[in-house]
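Please model the complete structure; the sequences and the hints are all you need to start from.
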Amino acid sequence: MPYKHLPLAILFAAVLAACGKSGTPAANSSAPAATGATSDELVVKIGASAPLTGPQAHIGKDNENGTRMAIEDANTKGIMIGGKKARFELLSEDDQTDPKAATIVAQKLVDAKVNGIIGHLNSGTTIPASRIYSDNGIPQISPSATAVAYTAQGFKTAFRVMANDGQQGKVLGEFAAKSLNARKIAVIDDRTAYGQGLADEFVKSAQANGAQIVTHEYTTDKAVDFAAVLTAIKGKKPDLVFFGGMDPQGAPMLKQLRSLAMDVKFMMGDGGYTPKLIENAGAAAEGAYASLPGVPLEQMPGGKDFSQRYQAKFNQPIQLYAPYCYDAVNVMIAAMQKAGSAEPAKYLSELAKTEYDGVTAKITFDEKGDLKGGAITMYQVQKGKWMPLQTLGGSAPAAK
Amino acid sequence: MDILLQQIINGLVQGSVYALVALGYTMVYGILGLINFAHGEVVMVGAMVALAVSGMLLAAGLPPLLVLLLALLVAMAVCMALGYAIERIAYRPLRNAPRLAPLITAIGVSIVLQNLAMIFWGREYHAFPQLLPGASHGFGGAIINDVQIIIIAVALLMMAGLLVLVHRTRLGRAMRAVAENPSAAALMGVDINTVISVTFMIGSALAAVAGLMVSANYGIVHYYMGFLLGLKAFTAAVLGGIGNLRGAMLGGVLLGLIESLGAGYIGDLSGGFFGSNYQDVFAFFALIAVLVFRPSGLLGERVAERA
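If you read the protein sequences in the order shown, they are chains A and B. According to my numbering, the residues represented by the first sequence are 5 to 404, in order. According to my numbering, the residues represented by the second sequence are 2 to 308, in order.
Please note that the accuracy of each hint is not assured.
[Stated by the list, open to error] Residues from chain A that face chain B, not an exhaustive set, calculated with beta carbons under 10 Å: (1) Ala153; (2) Thr219; (3) Ala265; (4) Asn284.
Read the hints as simulated data drawn from the structure, not as lab findings. The beta carbon of each residue, even a glycine, is placed where N, CA and C say it ideally should be.
This is how it looks when you write it as structure tokens:
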């Protein structure tokens, strides 16, 4: 009976299709290295890692897009490194937001002899992976890991193009206690290196500015039900709820907060500043606050152009960190050009001396590899859109 | 007091969903002695199909309530077909294989479904349209909205319907016969394959209902949503006694209540020593405690190990 194995065949074909889709980028990136490189062409492999599956896959894909765009731009421009025409290749890996997977991915990228790393997305994955990159002397720029611990390990290879949680938590705490005049604050964090780190810095800063932390509750980065935690918070009658975490939790949390008729202010860090948060929380998102390091993209030279090109290329708006990834790649390429070499050992010292005008900020690193200055902008959802309120901290002109 | 009441409502809503999904696990286990780990993914597919259908119908300008009903019917039909296909492809060829083999294929099916859903529907979270009037009702200081009332009501209705089906109909008798002894049932003229297929289809239809309810409640759909829900529902099924229908319901509701009361009060009770980060620990501790004293779960019967 020819139909007997039809369902099996369809499933098998589907599985093959699935493997083909995810398998191609890796296959593409390894093949030319063996064959394509001619003597006057320099192949530079840029490793990138972010969660491409799991709850934060949409943000991870956004990171990959930003990195890819920078690499394609560089290839179109025809960058010369040490007299040779450079051809950049992207090796993108999925770390699943999992610290264990991140170290495996890191080793894989090291074994593939990448010249530099753009990643990872989360602090929880960036920190364990950074040891492997450091041990192998490969420069790493994280576009989005904000935990203080990342650059505090003393690794010479670790950089980031985003303000850290110390800087961000301080601004968030000040803003909550002073500008929003919150007296009683409830804190929730998702127990990741990022969420916990940011929440702890926020608590310190809010308390220093005279606010009282009435309760500190916890969730995970995979949860969708927060009714129990929010009800417990409701009993403490706070006037502001701060959530240290990302938008997959932020959106349903906001919805449940409003359906429990809690009329409180809601604030997140950079993990909440996405169009998805508004899309998924709908009307409940109105009035929510979030921060993002740097000044608003529209106010940066080249920022508007970047977001339009991104939209045209990937047919979706920027989710979150794509501009930071774009900058990170360009910072790395600029250092390679200055050093006249894509050898990690040679361009690393130039990377540390970077002065680069990116789409997100003027990028210079301090001795730890942190972004100098580190202005932070507070945003609020107004009429279904993130609107900048004020830019605080760092070297940016402090608005009142 | 209103906070306690609110936590109980939270727990009941959450527990009803767990119970519905747990029924799917327990029905299959009862009949085949197999843990269908792909069941959580069937819930996800139900939610995704409902989302796709309701998106199309809303665009066509149909009234929300009708859209909801149609989306539910289509999702149930798709999930039933999927449940049938899963059993046919991944489990039936292994019916006489060692127990570990179908367990592995179950996990395999779960991964395949997750990745297919990721390819078809994308990696991002989708907002689920509000098809039900979301009005909230004050209730002794606590708040419950229409969606939550419907979740509890639908869950109760489905469970009652299932009990009637299993204990009062011809098909139910066949199912119980197969559960007790497949070969003897076959000798008595029961078509085992049909009964097993139907069991999978009923479980999958319940999963579709659960998928729709979860997405309506949280307003969010994601290809990964089935994983954690499936795990929790499996826990609920074990807590109540896997293989036992009433046990799955009891386990689901209990797990929901334990979680919500645990998360709400563990911090205050332990003087801040434990926080709500221990809510899952608390739930699993309850599970272990039950299993230590009643290895087959709360309502599970001590049956001799099947050969």
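Against the structure, the hints:
{"no.": "1", "hint": "Ala153", "result": "19 Å, violated"}
{"no.": "2", "hint": "Thr219", "result": "7 Å, holds"}
{"no.": "3", "hint": "Ala265", "result": "5 Å, holds"}
{"no.": "4", "hint": "Asn284", "result": "5 Å, holds"}
The structure is inconsistent with hint 1 alone, although it conforms to all the rest.
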